[in-house]
Amino acid sequence: MEKQSLKFFFLFVFSLVVCSFSGCYPNNDEPIEEYDIVATFYDQNHDFSKISTFWLIDTVGHGNVKNPKKNHDQTIITEVRRSLESLTWTSAESDTEADIIVFCSVINTDVYTYWYDYWYDWWWYWYGYYPYPYYPWSYGGITYSYSEGTVIIQMMDRKEVPQDTPPNTVVARWAGILNGVTNDAPANIERRIKTGVEQCFKQSTYL
Amino acid sequence: MKKVIIILGLLVATSYLSAQTSVWKVNWDMNAPLGQTTDFIGKFSMRGVSVEGSWFLNDNIALGGIFAWGLFYEKTGMITEHAPGYDITGHQWRYHNFTPLLFTGEYYFGTAGNIRPYAGLGAGVSFNETAKYIGLHELYSKEWMFTLAPEAGVMIPIANNVNAHVKAKYLHGFGKDADLQTFAISVGLAFTSYKY
Numbered sequence: 096m097e098k099q100s101l102k103f104f105f106l107f108v109f110s111l112v113v114c115s116f117s118g119c120y121p122n123n124d125e126p127i128e129e130y131d132i133v134a135t136f137y138d139q140n141h142d143f144s145k146i147s148t149f150w151l152i153d154t155v156g157h158g159n160v161k162n163p164k165k166n167h168d169q170t171i172i173t174e175v176r177r178s179l180e181s182l183t184w185t186s187a188e189s190d191t192e193a194d195i196i197v198f199c200s201v202i203n204t205d206v207y208t209y210w211y212d213y214w215y216d217w218w219w220y221w222y223g224y225y226p227y228p229y230y231p232w233s234y235g236g237i238t239y240s241y242s243e244g245t246v247i248i249q250m251m252d253r254k255e256v257p258q259d260t261p262p263n264t265v266v267a268r269w270a271g272i273l274n275g276v277t278n279d280a281p282a283n284i285e286r287r288i289k290t291g292v293e294q295c296f297k298q299s300t301y302l
Numbered sequence: 084m085k086k087v088i089i090i091l092g093l094l095v096a097t098s099y100l101s102a103q104t105s106v107w108k109v110n111w112d113m114n115a116p117l118g119q120t121t122d123f124i125g126k127f128s129m130r131g132v133s134v135e136g137s138w139f140l141n142d143n144i145a146l147g148g149i150f151a152w153g154l155f156y157e158k159t160g161m162i163t164e165h166a167p168g169y170d171i172t173g174h175q176w177r178y179h180n181f182t183p184l185l186f187t188g189e190y191y192f193g194t195a196g197n198i199r200p201y202a203g204l205g206a207g208v209s210f211n212e213t214a215k216y217i218g219l220h221e222l223y224s225k226e227w228m229f230t231l232a233p234e235a236g237v238m239i240p241i242a243n244n245v246n247a248h249v250k251a252k253y254l255h256g257f258g259k260d261a262d263l264q265t266f267a268i269s270v271g272l273a274f275t276s277y278k279y
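Residue numbers (the numbering used here), protein chains in the order written: chain A, 96 to 302; chain B, 84 to 279.
Treat the hints as calculated values from the structure; they're not laboratory data. Keep in mind that this is a model prediction, so the values were computed, not measured. Here a beta-carbon is modelled for each residue, glycine too, at the ideal position from N, C-alpha and C. A hint or two may mislead.
[What the hints assert, rightly or not] Label pairs and their in silico Cβ distance ranges: (1) 253/B / 125/A: 29 to 37 Å; (2) 165/B / 157/A: 30 to 38 Å; (3) 118/B / 163/A: 46 to 54 Å; (4) 153/A / 259/B: 44 to 52 Å; (5) 278/A / 224/B: 25 to 33 Å; (6) 182/A / 214/B: 34 to 42 Å; (7) 221/B / 159/A: 24 to 32 Å; (8) 118/B / 142/A: 37 to 45 Å.
[Said to hold, decoys possible] Derived BS3-like pairs (lysine-lysine); straight-line CA-CA distance at most 27 Å: (9) 259/B / 215/B; (10) 215/B / 289/A; (11) 126/B / 225/B; (12) 215/B / 297/A; (13) 164/A / 289/A; (14) 126/B / 158/B; (15) 158/B / 297/A; (16) 215/B / 225/B; (17) 158/B / 289/A.
[As the list claims (entries may be wrong)] Here are a few chain B residues that face chain A, going by a calculated C-beta distance under 8 Å: (18) 163; (19) 172; (20) 217; (21) 219.
All chains, please: the whole structure from these sequences, using the hints.
Structure representation (structure tokens):
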């Protein structure tokens, strides 16, 4: 290639690569509720068609967490009860008379993470050969945190719950899980819980 | 495989030293997913580049290689995926990166300095990487695939040793679970050597 062409060639390659890579990955700056997921798990061998009564434990579990956030407990119980009734199931007079026992629990976690560009990644590997620790984040990047909340709804067959055994040893035959970011206004969280609980039952067409 | 690489290398080096005729192409690739690739992402993509170089064995036949990169992206909206024993609903962000690295053989019609249509075949490997984000969770997989890529294009002289270049390429990577299938239209520039 002639010198002139060679220059032009490298300039063109450089321009094309810069233009392409500058827009290579679409931005994920999306509304917070778009990160919500609803997952339901079920025992394929269980006959859900015979269920007509339920017993909903009206206390939401928070595990062994000290000072748990209980702001949305009542909303969870209300929405789960509403969804169970929409299946034409009725609330039993006592737990011993119900076909299923329903128990709700909540897990809140704070997530701390660090985002850095691939450039920093390569930089880190390069300098990793030196006998001292190298911290790529001193050159840029973003540290961010968010709170993640998970609501778990579990259904247990009442007949499988022995009276002399704590309920937590019983296998759930159905479980619904809502998961999402909870850095949001309380009213929005309430709305997202409602939508999520409804979706749990909507996608469980076998109930 | 090793022997083939050595023979190809010798052929390329010999032709380059004897005639110094080569062509380098830089392309912007626009990719459309086909076949099994559409099961993951069905959306056309403007994100792709490729660089290729070929050395002429004679006036019409050239051997070389191509390195390309392409990305398919699709945001699905809220969908429910069903599987035995569980169902998951959420917005999904799907990414499919593919990076073919192929040896190429091309046959050029016409003569040097004029419009030159050509047809060729590429063979080699592709690095295939898919990522699916559902909510805060990621499902990721990667795979190297044996790849074949027939193509046809044309070079149109626009300046001394510089040509406008357009080509169409079908690419097929053979995967374990799903194949990589794309159709690309590439536009760019082709830079020819002095004696070409």
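To see whether the hints hold, each was checked on the structure:
Take residue 253/B and residue 125/A: their Cβ atoms lie about 34 Å apart, and the range 29 to 37 Å holds. In this structure the hint that residue 165/B and residue 157/A lie 30 to 38 Å apart at CB holds, the actual value being about 31 Å. For the pair residue 118/B and residue 163/A, the beta carbons lie near 51 Å from each other, so the given range of 46 to 54 Å is met. Separation of residue 153/A from residue 259/B is about 50 Å and conforms to the stated range, judged on CB atoms against 44 to 52 Å.
Range check, residue 278/A to residue 224/B: Cβ separation about 30 Å, and the 25 to 33 Å hint holds. The supplied range of 34 to 42 Å is met by residue 182/A and residue 214/B, whose beta-carbon atoms lie about 37 Å from each other. In this structure, residue 221/B and residue 159/A meet the distance hint of 24 to 32 Å, their C-beta atoms being roughly 29 Å apart. Distance hint check: the CB atoms of residue 118/B and residue 142/A are about 41 Å apart, consistent with the given range 37 to 45 Å.
Under the criterion of a C-alpha separation no larger than 27 Å, the hint pairing residue 259/B with residue 215/B is consistent with the structure, at around 18 Å. For the hint pairing residue 215/B with residue 289/A, the CA-to-CA distance comes to about 26 Å; that is within 27 Å, so the pair holds. Restraint check: the Cα-Cα separation between residue 126/B and residue 225/B comes to about 20 Å, which is no more than 27 Å; the hinted pair holds. The straight-line distance between the Cα atoms of residue 215/B and residue 297/A is roughly 24 Å, inside the 27 Å bound, and the hint therefore holds.
Taking the CA atoms of residue 164/A and residue 289/A, the gap is about 18 Å. The hint holds against a cut of 27 Å. At roughly 10 Å between alpha-carbon atoms, residue 126/B and residue 158/B fall within 27 Å of each other, so this suggested pair holds. With a C-alpha separation of about 23 Å, the suggested pairing of residue 158/B with residue 297/A holds against the 27 Å cut-off. About 12 Å separates the Cα atoms of residue 215/B and residue 225/B, which keeps this hinted pair within 27 Å; it holds.
Distance check on the hinted pair: residue 158/B and residue 289/A sit about 24 Å apart at the alpha-carbon level, within 27 Å; holds. With a least beta-carbon distance of about 5 Å to chain A, the hint placing residue 163/B at the interface is held under the 8 Å criterion. Proximity of residue 172/B to chain A holds as hinted, the smallest CB-CB distance being about 4 Å (cut-off 8 Å). Nearest Cβ of chain A to the Cβ of residue 217/B: about 6 Å, under the 8 Å cut. The hint holds.
Below 8 Å, beta-carbon pairs count as interface contacts, and residue 219/B has one with chain A at about 6 Å; its hint therefore holds.
Of the numbered hints given earlier, the model fails none.
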